[in-house]
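Trainee: Residue-level listing of the chains:
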Amino acid sequence: MADGLDARLDARLVDLGSAIAWPAGADLAMRVGDRIRAGEGRRRTGWWPQGTARPVRRGLVLALAALLLLGAAVAAVGIILPGLRIVFVPPGATLGPSAPSAPAASESAPGWSLSLGAAVELEDAAASVGFEPLLPAGVGEPDGVHVANERLTLVWRSGDDLPRTDAAGVGLLLTELRGRVDPGYYEKQLHEGRTTVEPVDVGGSAGYWLSGEPHGLVYRRADGSFVEESRRIVGDVLIWQQDDLTLRLESALGREATIALARTVSPGR
Amino acid sequence: MAYEELVRRYQVAAVRAAHLIAPDGDAEDAAQEGFVKAWAALPRFRTGSPFRPWLLRIVTNEARNRRRSAGRRTGLVLRAAEDRPSSDAAPSPESAVLDQESRSRLLAAVNRLRDEDREVIGARYFLELSGAETAEALGIPRGTVKSRLSRALGRLRETFDGGRDG
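First to last, the protein sequences are chains A and B.
Going by this note's numbering, the final residue of the first sequence carries number 270, and the count climbs one at a time with no gaps.
Going by this note's numbering, the final residue of the second sequence carries number 268, and the count climbs one at a time with no gaps.
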């Protein structure tokens, strides 16, 4: 009898839960997002490891902060949660697409749907972003060169040598920002789930190989505010530093081939 | 924004948890604050572990800070019967005979429980957290969850002993 009573009480309590007047729970997402973008939620201490000089000169400091695994299925609802990545960016950097008035890539250009930024000629890119573009070897000239604020993106069409990424017609994306990967900051490696981050060496520089299914990249400024990478990430990502640039290579080539390609990246002729 | 997506997925649970801890407080405010603090604390989050109870721990702490220390407490209340959405869970034989009055009686008994007992009841039945998740969300040992649940269910059972719908 006790069991029957317990089962009934159990069922009644579950039923009661749905009958309670819970607060409306209006959309918190936007309010939380606004507060985070405004710089709240930044730690007062500890983002920077002891002994690391705070970046005060011009030039970016990029550090891979953490990777949060949210890939566990929510059993009751069956939703797979997105992954979240956090990276630091320097003050003043904006990573959004260029202003609406800038010329958009034509529909035939690879990656046209990704809002990479204004299309420019390779020889004009340096003047726009303030640094000389670096290029990988063995893949030929880029099929598109785009500038969005301080971000340079080079795009190569998919083809025999470059398997297709998640974006139609796109085989390779190289994003360049004036910045520096901070190897002193800790990163977390996932041991399960749909996204992983792995520290790798790219020609002596600290780099990170991110694979799986990212939902987006979020960059954090040194002043604590956040900016989200507005462009959809289309493949596995290798992030590393070269000179005073931070580079991001997106491809479907796989870890070894991408790292090998990254090692060839150097100033253009 | 990626984190906004996360907030959207957990905001209902967060608001419920905050309201459970502090029915007289501003649950939405506590939940909002909890999400912002969770963002800042993400580097401390142990990847691979479940996110929800970790988040709810932060939210319930915020709610506790907002709990009124004195004065009469209202406690949890029922929605008016006509407010119940038609998409409620399929009725079971038990809920078919339940009515607003018996729900009121049960809720009154829940409200009479000690805070700490009501919280585990709420976590288990209203938030549908597992025992392990409840322990983490409320910041108590697993064994404590068990003993409080047992005690609370015993109290609630007394409400129905010898009652008409016992």
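There may be inaccurate statements among the hints.
Okay, the calculated bits of chain A under chain B, using three or more residues with CB under 8 Å as the criterion [unchecked claim]: (1) 14-28; (2) 32-38.
Beta-carbon label-pair distances, calculated as ranges [what the hints assert, rightly or not]: (3) E124(A) <-> A143(B): 42 to 48 Å; (4) R216(B) <-> D202(A): 53 to 59 Å; (5) E230(B) <-> A39(A): 29 to 35 Å; (6) S267(A) <-> R110(B): 16 to 22 Å; (7) S232(B) <-> A258(A): 40 to 46 Å.
Okay, the calculated bits of chain B under chain A, using three or more residues with CB under 8 Å as the criterion [as the list claims (entries may be wrong)]: (8) 110-118; (9) 124-136; (10) 175-181; (11) 204-217.
By construction, these hints were calculated from the structure, which means they are not laboratory data.
Here a beta-carbon is modelled for each residue, glycine too, at the ideal position from N, C-alpha and C.
Trainee: Would you mind marking each hint as holding or not holding in the structure?
Mentor: Each hint, compared with the structure:
1. 14-28: holds (count 15)
2. 32-38: holds (count 6)
3. E124(A) <-> A143(B): 42 to 48 Å: For E124(A) and A143(B) the Cβ distance comes to about 47 Å; the hint holds.
4. R216(B) <-> D202(A): 53 to 59 Å: Roughly 57 Å apart at Cβ, these two residues keep to the hinted range, so it holds.
5. E230(B) <-> A39(A): 29 to 35 Å: Once the Cβ atoms are compared, 34 Å apart, the range 29 to 35 Å for A39(A) and E230(B) holds.
6. S267(A) <-> R110(B): 16 to 22 Å: Violated - the Cβ-Cβ distance for S267(A) and R110(B), about 43 Å, lies outside 16 to 22 Å.
7. S232(B) <-> A258(A): 40 to 46 Å: holds (43 Å)
8. 110-118: Holds: 7 residues of the segment 110-118 of chain B have a Cβ under 8 Å from chain A.
9. 124-136: holds (count 4)
10. 175-181: holds (count 4)
11. 204-217: holds (count 5)
When each numbered hint is compared with the structure, a violation occurs for hint 6 only.
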